[in-house]
Amino acid sequence: MDSSSLPPEVRDALRARRAMFAQSPSVLPHLHRRIRVAAMERTSFRERLSAWAAALAAVRPAAYAGACAVLAVTLTLAHFAIPAHSGRTMVAARTTADTSYSLNEVGALPPSLDQKIDALISSVSAPGAPHSATAGVDAHYVLTSTPASYDSVVAF
Amino acid sequence: MTASPTPAEPSDQELVRRTQAGDPGAFDQLVLRYESRMRVTIYGVLLNHEDTEDALVETFFKAYRNLASFQGKSEFSTWLYRIAKNTALNALRKLRRRPQGVVPLEGEEAFNEGHLFIDESLSSDTRRQLENKELQNKLNECLALLSEDHRTVVTLFDIQELSHAEIAKIMGCSEGTVRSRLFYAHKQLQSQLQRYLRSQ
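Quick note, the sequences are listed as chains A and B, same order. Mapping of the first sequence onto this note's numbering: position 28 corresponds to residue 73, and the numbering continues sequentially without gaps. Mapping of the second sequence onto this note's numbering: position 114 corresponds to residue 1097, and the numbering continues sequentially without gaps.
With beta-carbon atoms standing in for the labels, derived distance ranges: (1) PHE1053(B) - SER50(A): 32 to 38 Å; (2) ASN1073(B) - MET85(A): 21 to 27 Å; (3) GLN1173(B) - ARG93(A): 56 to 62 Å; (4) ASN1073(B) - PRO70(A): 20 to 26 Å; (5) LEU1015(B) - HIS124(A): 51 to 57 Å; (6) ALA1004(B) - SER50(A): 42 to 48 Å; (7) ALA96(A) - GLU997(B): 35 to 41 Å; (8) ARG1000(B) - ALA100(A): 39 to 45 Å.
If you are wondering where the hints come from, they were derived from the structure by calculation, not from laboratory data. Backbone N, C-alpha and C define an ideal beta-carbon position, used for all residues, glycine too.
I would like the entire structure built from these sequences, with the hints used as guidance.
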């Protein structure tokens, strides 16, 4: 069985489609856009959050502190809205070294932005309420318990 | 099945190698070389211009993203046809879930009333062009009644003029299966179009 089994006019009509589609505009511009969007999507949540926070802290320190406080409240509320045992395994898996981590132990060096965000998120995702160590000056929080990483926060 | 580049044009292999080495311009050349054939193949499954364009972009995007793992065990064109076929079938599954259904042929008829199905080499006068458009619309109706596998085989054989062996590699089946699908599809098309062709 080959194409000769089709009537000639049908065969010609089918082959005409090849010529027809040759006139269509190229998809290259759309493809380039698709590749750019995919590259942007690959930028991790952490990078985006850090970049946004760094930009905000540089331009408006007060707004940055406020945003951190809002984030802390939001995550605290979210924490209490989630069933009690959620994420418990991850918290239990923390090492002793992790547990002893505190922003205060960084010493004279100011904590990096990542550390600040880590600490902020940890303070609400781990058991125990956070409390301000520096009375709202830089919105630093002392960890009362185990810190959490971004990955565990996302998984949580 | 490999595109036959002129002596001045680099081969598929060369363009693949250059893309893998980090030259995005080489991939653009591959896209320009194959987009028309991939468009016809995808349209053969979806029978809708709008969805075809989306699936075509997705096909080349997948090819670009996975080109690093392409080892050249098969021809680049076979690999690309396979991606196009799978992308079209995935798109079809998604389209089946949308409220308005799979193939809005009414929209395609309106589209065909434009300029795209007018083949100047086949149609020398207006009447012939109108007949050609009607036949294309009728063909779409008949193709829509076939399964996607049968439509794909018809597209690859009757439009792209690929061999049974090449189609078997793309479809991931035996040559015998390709022949039997083609036999069935041709029989169905003949039977569906018989009345229309007699009235012409």
